[in-house]
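So the sequences go chain by chain: A and B. Each residue of the first sequence is one higher than the one before, counting from 1 in our numbering. Each residue of the second sequence is one higher than the one before, counting from 110 in our numbering.
In short, the hints are calculated from the structure, not lab data. Check each hint, because a few of them may be wrong.
Stated by the list, open to error - A partial selection of chain B residues facing chain A, derived with a Cβ cut-off under 10 Å:
#1 S145
#2 E160
#3 N168
#4 Y214
As the list claims (entries may be wrong) - Estimated spans, in silico, between C-beta atoms of each pair:
#5 B/L173 x A/S31: 17 to 27 Å
#6 A/P42 x B/S116: 17 to 27 Å
#7 B/N186 x A/T107: 38 to 48 Å
#8 B/S164 x A/S17: 38 to 48 Å
#9 B/P171 x A/S31: 13 to 23 Å
#10 B/G117 x A/S17: 37 to 47 Å
#11 A/P57 x B/P151: 26 to 36 Å
#12 A/E52 x B/S137: 24 to 34 Å
#13 B/P151 x A/V60: 26 to 36 Å
What the hints assert, rightly or not - Each computed DSS-like pair below joins lysine-lysine, with the alpha-carbon atoms no more than 27 Å apart:
#14 A/K68 x B/K210
#15 A/K47 x B/K212
#16 A/K47 x B/K210
#17 B/K210 x A/K44
#18 A/K68 x A/K47
#19 B/K153 x A/K68
#20 B/K191 x A/K47
#21 B/K153 x A/K47
#22 B/K153 x B/K122
#23 B/K212 x B/K122
#24 A/K47 x A/K105
#25 B/K183 x B/K212
#26 A/K44 x B/K122
#27 B/K212 x A/K44
#28 B/K212 x B/K191
#29 A/K68 x B/K185
#30 A/K105 x B/K153
Note that the structure is a prediction, hence the values are computed from the model and not measured. Even glycine gets a Cβ: it sits at the ideal position worked out from N, Cα and C.
Listed below, chain by chain, are the residues.
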Amino acid sequence: QSALTQPASVSGSPGQSITISCTGSRSDVGSYNYVSWYQQHPGKAPKLMIYEVTNRPSGVSNRFSGSKSGNTASLTISRLRAEDEADYYCSTYTSSTTLFGGGTKLTVL
Amino acid sequence: QVQLQESGPGLVKPSGTLSLTCAVSGGSISSDNWWSWVRQPPGKGLEWIGEIYHSGSSNYNPSLNSRVTMSVDKSKNQFSLKLSSVTAADTAVYYCAERLKFKTYFDMWGQGTMVTVS
Numbered sequence: 001q002s003a004l005t006q007p008a009s010v011s012g013s014p015g016q017s018i019t020i021s022c023t024g025s026r027s028d029v030g031s032y033n034y035v036s037w038y039q040q041h042p043g044k045a046p047k048l049m050i051y052e053v054t055n056r057p058s059g060v061s062n063r064f065s066g067s068k069s070g071n072t073a074s075l076t077i078s079r080l081r082a083e084d085e086a087d088y089y090c091s092t093y094t095s096s097t098t099l100f101g102g103g104t105k106l107t108v109l
Numbered sequence: 110q111v112q113l114q115e116s117g118p119g120l121v122k123p124s125g126t127l128s129l130t131c132a133v134s135g136g137s138i139s140s141d142n143w144w145s146w147v148r149q150p151p152g153k154g155l156e157w158i159g160e161i162y163h164s165g166s167s168n169y170n171p172s173l174n175s176r177v178t179m180s181v182d183k184s185k186n187q188f189s190l191k192l193s194s195v196t197a198a199d200t201a202v203y204y205c206a207e208r209l210k211f212k213t214y215f216d217m218w219g220q221g222t223m224v225t226v227s
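Could you put together the complete structure from these sequences and hints?
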């Protein structure tokens with residue numbers, strides 16, 4: 001299994017929107033709605049932000065949204081805030097294994 | 110709400126065995142959850158190591174399968190990871206995490222513990 005492909009970095013200004021992509025294959029991202037997204041601040045454990053492509057856990061801001069088209073899933077953060085600056089990881093679950101993307105560093109300018 | 114806490118030696122010698130434990134509080138190790146380990150080398154991304162159910166059923170990352178053993182201790186409400194034949198490449202922060210049965214994501218994580226192979 002190859003890791004899911006994410007851009008190494010993205011940036012945006014406060015108030016703007018950004019989108020992070022996560023590209024897999026027809027056998028993982030493309031076949032199942034099992035994509036989740038995690039936010040990780042430096043020195044902290046990852047935090048679940050989106051699950052099953054589009055769902056937000058209780059307590060996660062509605063500024064975070066997820067979508068999928070073909071073999072690529074996306075995380076969109078609207079109305080960027082300084083505290084959104086973090087690393088973001090996508091993940092899929094297929095054949096009883098979990099696969100993570102390489103991670104994307106979001107910089108809020 | 111379940112809380113997870115990793116513990117174990119912070120330093121392991123090359124070719125030795127890394128051993129970590131994750132204590133589960135606020136819930137039972139025998140509940141309908143898969144108990145997982147994820148690691149993160151310094152400055153790098155997340156890597157799933159594997160998971161275990163309270164029955165003893167387990168799934169491991171194919172790339173680590175030959176070196177990984179996971180177990181559950183119901184009497185202590187904890188689960189464990191053993192990684193054998195370690196090298197410097199196994200230096201990482203190791204997290205334990207919870208995945209609800211029939212779900213496909215980790216909704217609870219421990220704070221992580223740094224293990225250095227040297």
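Hints, one by one, checked against the model:
About 7 Å separates the beta-carbon of B/S145 from the nearest beta-carbon of chain A, less than 10 Å, and the hint is met. Using the Cβ-Cβ criterion of 10 Å, the hint placing B/E160 at the interface with chain A is satisfied: the shortest such distance is roughly 8 Å. This hint holds: B/N168 has a C-beta 4 Å from the nearest C-beta of chain A, less than the 10 Å allowed. Among the interface hints, the one on B/Y214 holds; its C-beta lies about 4 Å from the nearest C-beta in chain A, closer than the 10 Å criterion.
For the pair B/L173 and A/S31, the supplied restraint of 17 to 27 Å holds, since their beta-carbon distance comes to about 24 Å. Range check, A/P42 to B/S116: about 22 Å between beta-carbon atoms, so the 17 to 27 Å window is met. A C-beta distance of roughly 41 Å is found between B/N186 and A/T107, which places it inside the suggested range of 38 to 48 Å. Under the hint 38 to 48 Å, the C-beta atoms of B/S164 and A/S17, about 45 Å apart, fit the expected range.
Under the hint 13 to 23 Å, the C-beta atoms of B/P171 and A/S31, about 19 Å apart, fit the expected range. The hinted range of 37 to 47 Å is satisfied by B/G117 and A/S17, whose Cβ atoms lie roughly 42 Å apart. Look at A/P57 against B/P151: about 28 Å separates their beta carbons, and that is inside 26 to 36 Å. Restraint check, A/E52 to B/S137: a C-beta distance of roughly 25 Å satisfies the suggested window 24 to 34 Å.
For B/P151 paired with A/V60, a C-beta distance near 28 Å keeps the hint of 26 to 36 Å intact. Only pairs whose Cα atoms come within 27 Å are accepted, and A/K68 paired with B/K210 is accepted, the gap being roughly 24 Å. For a cut-off of 27 Å, the pair hint linking A/K47 to B/K212 stands: about 16 Å separates their Cα positions. Distance restraint check for A/K47 and B/K210: the Cα-Cα separation of roughly 19 Å lies within the 27 Å cut-off, and the hinted pair is therefore satisfied.
The straight-line distance between the Cα atoms of B/K210 and A/K44 is roughly 25 Å, inside the 27 Å bound, and the hint therefore holds. A C-alpha spacing of about 20 Å is found between A/K68 and A/K47, which places the hinted pair at or below 27 Å, so the restraint holds. With a C-alpha separation of about 25 Å, the suggested pairing of B/K153 with A/K68 holds against the 27 Å cut-off. A C-alpha spacing of about 25 Å is found between B/K191 and A/K47, which places the hinted pair at or below 27 Å, so the restraint holds.
About 17 Å separates the Cα atoms of B/K153 and A/K47, which keeps this hinted pair within 27 Å; it holds. For the hint linking B/K153 to B/K122, the alpha-carbon distance of about 22 Å falls within 27 Å, and the restraint holds. Proposed proximity of B/K212 and B/K122 is contradicted: the alpha carbons are some 37 Å apart, above 27 Å. For the given pair, A/K47 sits about 15 Å from A/K105 by alpha-carbon distance, which is consistent with the 27 Å threshold.
A hinted pair counts as satisfied when its Cα atoms are at most 27 Å apart, and B/K183 with B/K212 qualifies at roughly 22 Å. Proposed proximity of A/K44 and B/K122 is supported: the alpha carbons are some 26 Å apart, at most 27 Å. With a C-alpha separation of about 23 Å, the suggested pair B/K212 and A/K44 falls inside the 27 Å cut-off, and the hint holds. As the CA atoms of B/K212 and B/K191 are separated by approximately 25 Å, the hinted pair is consistent with the 27 Å bound.
At most 27 Å may separate the alpha-carbon atoms for a hinted pair to count; A/K68 and B/K185 exceed this at roughly 42 Å. About 11 Å separates the Cα atoms of A/K105 and B/K153, which keeps this hinted pair within 27 Å; it holds.
Hint compliance for this structure: hints 23, 29 are broken, all remaining hints hold.
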